[in-house]
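On the provided structure of chain A, position chain B as indicated by the hints.
For the protein sequence lines, the chains are A and B, in the order given.
Counting from 1 along the first sequence, just add 789 to a position and that's the residue number in my numbering.
Counting from 1 along the second sequence, just add 13 to a position and that's the residue number in my numbering.
So the derived list for chain A, only partly shown, Cβ under 7 Å to chain B, looks like this:
1. Lys831
2. Val832
3. Phe896
4. Pro898
5. Gly899
Note that these hints are calculated values from the structure, not bench results.
Fair warning: this is a prediction, and the values are worked out from it, not measured in the lab.
Here a beta-carbon is modelled for each residue, glycine too, at the ideal position from N, C-alpha and C.
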Amino acid sequence: EPEVTQTPSHQVTQMGQEVILRCVPISNHLYFYWYRQILGQKVEFLVSFYNNEISEKSEIFDDQFSVERPDGSNFTLKIRSTKLEDSAMYFCASSEALGRGTDTQYFGPGTRLTVL
Amino acid sequence: AQTVTQSQPEMSVQEAETVTLSCTYDTSESDYYLFWYKQPPSRQMILVIRQEAYKQQNATENRFSVNFQKAAKSFSLKISDSQLGDAAMYFCAYRSLYNNNDMRFGAGTRLTVKP
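If we strip away everything but chain A, and leave its shape as in the complex, we get:
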């Protein structure tokens, strides 16, 4: 069964550094998402992406964050100048479309980001 994959599984970085989290969505999916889960807290929506542009973003997704689909398979989340509070699990998800029966979001295994 097709899966969403994410790399790396764990990323450790120094405060102020830039990180890029990578995701490979399911191949026929058109909608891509990033979520964040700070340890012990809820999963929070960050951004959704369709047709090479952001379609929705939350208040968390400020200028520090950016997303990109650099090629036909990868979907990346870049965090510039990381802060301690960016430490969290970051989940990528994808869905085939938005219509009924095709809009279920399938999640990747997550990347644990630790900012020191």
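Frame of chain A; chain B shown alone:
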């Protein structure tokens, strides 16, 4: 804004028994989706079951079923014949059909299965 509430931070069940996890939500929309996701220690989010609000019939997936009460805005998950592998964090989630394509998650319920 839509909110999702899971009032049980932790639940435990004996292996082979049945357990029900509660979820309520708040929305002014008439059509939407509801989901239960399972997050085992590996941290991967796995879709367990989904319900479309316009469908009156409760969704069922093998040992997992929901009790969807639209008027009460309640969406509980029943796990029958619990297995050790069911031990995980369970998240209830709401997704709007109209306004946006993000999902709102509850705080989660940690399920322990006792052998």
